[in-house]
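Listed in order, the protein sequences are those of chains A and B. Each step along the first sequence adds one to the number in the numbering used here, with nothing skipped, and position 473 is 473. Each step along the second sequence adds one to the number in the numbering used here, with nothing skipped, and position 30 is 30.
Because the hints were derived from the structure by calculation, they are not lab data. Beta carbons are placed, not taken as given, at the ideal position from N, Cα and C, and that holds for glycine. Any given hint might turn out to be false.
[What the hints assert, rightly or not] Partner residues are not named here, just some residues of chain A that face chain B (Cβ under 10 angstroms, in silico): (1) 45; (2) 164; (3) 237; (4) 238; (5) 240; (6) 298; (7) 461.
[What the hints assert, rightly or not] Which bits of chain A does chain B cover? Going by a derived footprint, with three or more residues having C-beta under 8 angstroms, they are: (8) 205-214; (9) 223-231; (10) 445-456.
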Amino acid sequence: MKRLSIALCYTLLFLFSLSFANGEQAEIRILHVNDFHGFAEPYKPFGSNERVGGIAYLAAKVEELRKEKPSFLLSAGDMIQGNNWANLFQGESVIELMNEMRFDAMVVGNHEFDFGPEVLKKRVSEANFPVLGANVEGLKILTPYIIKELRGAKIAIIGLVTEDVPISTHPRNIPGIKFSSPMDTVEKYVKELKNKTHMIVVLSHIGHPVDRILAEKVKGIDVIVGGHSHTKVTKPVKVGDTIIVQAWEYGRALGLLDLTLKDGKIVRFEGYLEETKPKIGKEDQKVLAIVEKYKQKMDAVLNREVGEADVDLDGERGNVRKKETNLGNFIADILKDVSKADVAIINGGGIRASIKKGEIRVKEIYTALPFDNYIVAIKLTGRQIREALEHGVSGIEEEEGRFPQVSGLTFKYSPFDKRGSRVREVLVAGRPIHLEKEYIVATHDFLAVGGDGYKAFGEAIKTSRDFSVIGGMMKGKKVVYSDSGRWLRDVVVEYIKEKGRVAPKAEGRIKEIR
Amino acid sequence: MKVFINDKAIHVLPDMTVKHALIRAGLLKEIEDSKKVYDEWGNEVGLEGALSEGIKIYVR
Numbered sequence: 001m002k003r004l005s006i007a008l009c010y011t012l013l014f015l016f017s018l019s020f021a022n023g024e025q026a027e028i029r030i031l032h033v034n035d036f037h038g039f040a041e042p043y044k045p046f047g048s049n050e051r052v053g054g055i056a057y058l059a060a061k062v063e064e065l066r067k068e069k070p071s072f073l074l075s076a077g078d079m080i081q082g083n084n085w086a087n088l089f090q091g092e093s094v095i096e097l098m099n100e101m102r103f104d105a106m107v108v109g110n111h112e113f114d115f116g117p118e119v120l121k122k123r124v125s126e127a128n129f130p131v132l133g134a135n136v137e138g139l140k141i142l143t144p145y146i147i148k149e150l151r152g153a154k155i156a157i158i159g160l161v162t163e164d165v166p167i168s169t170h171p172r173n174i175p176g177i178k179f180s181s182p183m184d185t186v187e188k189y190v191k192e193l194k195n196k197t198h199m200i201v202v203l204s205h206i207g208h209p210v211d212r213i214l215a216e217k218v219k220g221i222d223v224i225v226g227g228h229s230h231t232k233v234t235k236p237v238k239v240g241d242t243i244i245v246q247a248w249e250y251g252r253a254l255g256l257l258d259l260t261l262k263d264g265k266i267v268r269f270e271g272y273l274e275e276t277k278p279k280i281g282k283e284d285q286k287v288l289a290i291v292e293k294y295k296q297k298m299d300a301v302l303n304r305e306v307g308e309a310d311v312d313l314d315g316e317r318g319n320v321r322k323k324e325t326n327l328g329n330f331i332a333d334i335l336k337d338v339s340k341a342d343v344a345i346i347n348g349g350g351i352r353a354s355i356k357k358g359e360i361r362v363k364e365i366y367t368a369l370p371f372d373n374y375i376v377a378i379k380l381t382g383r384q385i386r387e388a389l390e391h392g393v394s395g396i397e398e399e400e401g402r403f404p405q406v407s408g409l410t411f412k413y414s415p416f417d418k419r420g421s422r423v424r425e426v427l428v429a430g431r432p433i434h435l436e437k438e439y440i441v442a443t444h445d446f447l448a449v450g451g452d453g454y455k456a457f458g459e460a461i462k463t464s465r466d467f468s469v470i471g472g473m474m475k476g477k478k479v480v481y482s483d484s485g486r487w488l489r490d491v492v493v494e495y496i497k498e499k500g501r502v503a504p505k506a507e508g509r510i511k512e513i514r
Numbered sequence: 001m002k003v004f005i006n007d008k009a010i011h012v013l014p015d016m017t018v019k020h021a022l023i024r025a026g027l028l029k030e031i032e033d034s035k036k037v038y039d040e041w042g043n044e045v046g047l048e049g050a051l052s053e054g055i056k057i058y059v060r
């Protein structure tokens, strides 16, 4: 009986294949996600109290929809980096669940490079599906395109990633790897594939606005399944002859695109986003088991000892917001060292807890530095540094989070003077600051864009034009370092691991005077 | 990189996201108060969404 069923299935598949070849219709379904970033569990988005997402719920929906039509499940990139559930395992957890969900293909996103080339190669080798990257040179493990057959229709899927990867990840992550123009690349492959296939799908990690330009400029693309801009394209849009879709972010939605093909053309399409709502009992049990397994492993990783503190590290709210503390100094020193800056300025409000003397565990660093911030270094004049420090001490009465913790400089201030005129005697490396001279100042992305009211960095960014990649690192007139692929807390974890023991001091970098 | 929020020009680094542009424009608080961000075609965009040169986004 089983043999008979299998034979019947093959006969039906053969007939479908034959019928499409004979000019009849074929109906296929594309299911898609993008920018998952390891958000395996339901979460509350910023500004909302509603729990959304949850990959086990999304996976159950995939299975339900797969039963209705022959389907592909595709990912438009940025899957393995972001949330701790992914980062603590360098994305291994995500690949395991993607294998369980039987993805057909994914394109590499810019954040897939954040753990370095060796980790990426390992992740790709673990995947039971091809990982695409047509415009990536120097990484042989990636495939430019695949041709899949569904209901007799031959479908090419070409993968494209933003050519801006070198400005969004550290150069150590992409040695010898080049990213060419998505436009030129896809043009070349469309020419090569258009006579060999019935339909061309571009799996794109270049962002929705650029997808639209691609559709306008390159003829012959039937569908663009997009990512990178985290865009909620609720209904497929058509630009020229190309259908464009994108499914928001973090597994909050599953994209569905139904296509009817006839004589090698799409004669009908419709689609929507199925938003993921966590409803107990509606999970895919196998995917849920993977989520739970890594959750337990996360606890073990977070409890791992990374080094030892010979002193209590002071991150108390009442201290980091009104005076120099040894933990503030320690973190500011790391920023300065890592980015090879002259000085570092961070906001005390970014430090959320102390770490007790003794063994330092990963979770203590994560608790002290809970925000997803990364290191940026910008050239500021001495005058701008002084202005930044004035701003930093201007909210001391209210214990505002802007109070500066610094490295590479010392200063005195009087909280009794009026706001804006409190700072005295700023020294950089022991010498009086030159107001007109430029110094490299390390900070994090939040302050760099003017968070906590720090205008000086924002002004420097405004005047920093003509960004380019020099020596593998993004450089502008004013910006000398930016590593958006590594959270500050992870940099601190690595730093402590390397040092083993730490004993930072509050050593008089910031002095209150009358 | 120059982007536009509610038709006002904002400068951010090329690898920065919608969230950074909102901080720069002093509008992140509005998202906390339940407003959302949309692109010029009316699609909602996530806070970590990538920006591109000249993009127009709106908070409402």
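Comparing the hints with the structure gives:
no.	hint	in the structure
1	45	8 angstroms, holds
2	164	7 angstroms, holds
3	237	7 angstroms, holds
4	238	12 angstroms, violated
5	240	15 angstroms, violated
6	298	21 angstroms, violated
7	461	5 angstroms, holds
8	205-214	holds (count 4)
9	223-231	holds (count 4)
10	445-456	holds (count 6)
When held up to the earlier numbered hints, the structure conflicts with 4, 5, 6 and fits the remainder.
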